[in-house]
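For the protein sequence lines, the chains are A and B, in the order given.
My numbering applies: residue 1 is where the first sequence begins, and numbers increase by one.
My numbering applies: residue 340 is where the second sequence begins, and numbers increase by one.
Be aware that one or more of the hints could be misleading.
What the hints assert, rightly or not - Using C-beta positions, here's what the derived DEER-type ranges look like:
no., chain 1, residue 1, chain 2, residue 2, range
1, B, K559, A, I84, 51 to 57 Å
2, B, V504, A, M112, 27 to 33 Å
3, A, Q104, B, L423, 57 to 63 Å
4, A, Q260, B, K559, 39 to 45 Å
5, A, K202, B, V494, 52 to 58 Å
6, B, T555, A, V93, 53 to 59 Å
7, A, G229, B, P451, 33 to 39 Å
What the hints assert, rightly or not - Which chain A residues stay away from chain B? Per the calculated CB distances, all over 10 Å, these:
no., residue
8, L55
9, S79
10, G171
11, N257
The hints are simulated quantities; they were obtained by calculation from the structure and are not laboratory data.
Note that CB positions come from ideal geometry on N, CA and C, so glycine has one too.
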Amino acid sequence: MDDHRQTSLGPDPDLRKEAAELGADPEMIELRAEAAASAREGRLPADQDRRDQELQADAAAAAEQKRQRRYLVKALLRSPTFMIGLIILLFWVFMAIFSTSLTQSYTAQDAMSSLKPPSAAHWFGTDDLGRDVFARMMAGARTVLVIAPLATALALLWGSIIGLVAGFWRGLTDDIIMRGIDVLLALPIIITSILILSLFGKGTAIIILTIGILFTPVVSRTVRAAVIGEREREYVLAARLRGERSSFVMAREILPNIMQPIIVEGTVRLGYAVFTAATLAFLGFGLAPPSPDWGLTIATQRVFLQIAPWTVLFPALALASLVVAINLITDGLGRTFSK
Amino acid sequence: MLRLIGRRLLLMIPTLILVSILIFALAEVFVPGSVGRSILGPYVTEEQVQLLNERLGADRPIVVRYLSWAGGFVTGDWGDSALLKVPVRPLVMEAFWHSLLLAGFALVLIVPASIALGVFAGLRRDSVLDRTITVSSLSMTVIPEFVSGVVLLYVFAVWLKWLPVTALPPDGSPFYTRLYYLILPAIPLMFLELGYIARMARVGTVQVLSMPYIRTAVLKGLPRSRVVFGHVLRNAMVPTVTVIGSQVGWLLGGLVVVEKLFNYPGIGRLMVEAALAHDIPLLEASVLLVAVVYMIANLIADIVVALLNPRIRMGG
């Protein structure tokens, strides 16, 4: 089915029949097609009334959308899981940005007070080099909160594009893309990233790119499924009947209507991006010491678990609270959207 | 049924070839410099590098090298470790059996625990208990296994001293002692899977409970336990088994982390060591083996699903 690629002026008769079969309102389709055609030709449509009517309908739809969005925000603010998650997440975001100017130095070493238990001077004790565990715990939020959101954003961007193209065009393009995705998913993500990072070297940018690439297949599957659910709807047909380009239909018609599943997928991926980034740091493929990164700290300090457990348990607690917070946000969003 | 298995096995071959090309390409094409240079380091002459390249066959065209590598893998010649100068296969296989024991033990714990939790939550749908089970088991799933691992190590090995700190018993210990040492490493792996499998079991239970035949079973006076064990459990198993198969990848990834945390000599730790030391033959062989195991695990999950669901079995 390739007819939607045609960009000729008049609506395609086959497509019109298809629209009628799907129960689209034929008058509305004619109206939109006419309006689009005349807009393209740069003249006013013959029937000014009809155009006004259409504009009014558009305005009503926009108002309805706004109302729905307000309702969603209100529902989210009332969801306890969402709010608890959001508060914890915002706390870590705040600490990632400002902690270095609020706490003691997280790099200052003090050989005299190595592995000291929590005290008034060092709330959460000190590590093997006499550094303040509390300051390092707060500063450790930074690396993971830089890597995970950026990697998620990349995965959402690429995944949305691939999912839109595969789901909208279907056919051979879809088959090739989905086969490629199967191959990428044939290996566990941690193992593929170890393979990539051991060959291309470490560094924040490479970690972000790797996680972004490896999360793309899953996002594109979700987006593709959502696009397939939308592509036969009336408004997509109407846009195609107007003779809009495929890229316009995908980006301006379908995309706004599948934002909810994309947002939920985004928060799920964000949680896993934190998980993956921390795991890679723990395995030794992330940043190098003296970075206060949580995964790295747990890996380097775990030998002191028996004599100075605070060096390990506090960063572990921090990491756990962040992933659980993101999970709570996902849960709240999913519940609110599905209502 | 046999046709289903045969077809799936045939489908595995092209995917496996593509995966092996991917691994080989990543390992050999994108690495800057030649194989010989990466082994000998920067302080030898170009001639010596050439000599080693010739001896290793690294000067041959890329396609020939891929075919000889892939052929070697199939026939059991997996090459020599670049770092340890010993054949790769015994090294990888020994680590593999260690991992299999740990993963198998973890699966034995995961499946009944998560199904019980999921069915329990599903039977009391939307209650406080249901919400608690769902949210806490999902939270367990998203917490990285090394985080839950260190906390468990601290609580059970350091503080309460109920379980050993190490994962490997002294040499010559009987089998049950080995399992006793594996309890602590297996629990983080269990947490990793718990949320998903419990969620699927819950969804399966909720769906089955809404079926007319359950109402029939209840109305004809079957005791609740018979309804749950005879009808609900069997049918809730189908989505559960499916998701267990799809979670094997996470389990393999989890092994990498848990083995490093507990210093357990499995294939995950071997892979990390090979990757950090740039031991390409060792890395390639272990990753490819994991890919094969992963696909076989998915196949087994499909077969079990088919066995549980007669409609797929007949249609296949």
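Here is how each hint holds up against the structure:
{"no.": "1", "hint": "K559(B) <-> I84(A): 51 to 57 Å", "verdict": "46 Å, violated"}
{"no.": "2", "hint": "V504(B) <-> M112(A): 27 to 33 Å", "verdict": "29 Å, holds"}
{"no.": "3", "hint": "Q104(A) <-> L423(B): 57 to 63 Å", "verdict": "45 Å, violated"}
{"no.": "4", "hint": "Q260(A) <-> K559(B): 39 to 45 Å", "verdict": "43 Å, holds"}
{"no.": "5", "hint": "K202(A) <-> V494(B): 52 to 58 Å", "verdict": "33 Å, violated"}
{"no.": "6", "hint": "T555(B) <-> V93(A): 53 to 59 Å", "verdict": "54 Å, holds"}
{"no.": "7", "hint": "G229(A) <-> P451(B): 33 to 39 Å", "verdict": "36 Å, holds"}
{"no.": "8", "hint": "L55", "verdict": "45 Å, holds"}
{"no.": "9", "hint": "S79", "verdict": "12 Å, holds"}
{"no.": "10", "hint": "G171", "verdict": "20 Å, holds"}
{"no.": "11", "hint": "N257", "verdict": "26 Å, holds"}
Of the hints listed earlier, those the structure fails to meet are numbers 1, 3 and 5, in rising order.
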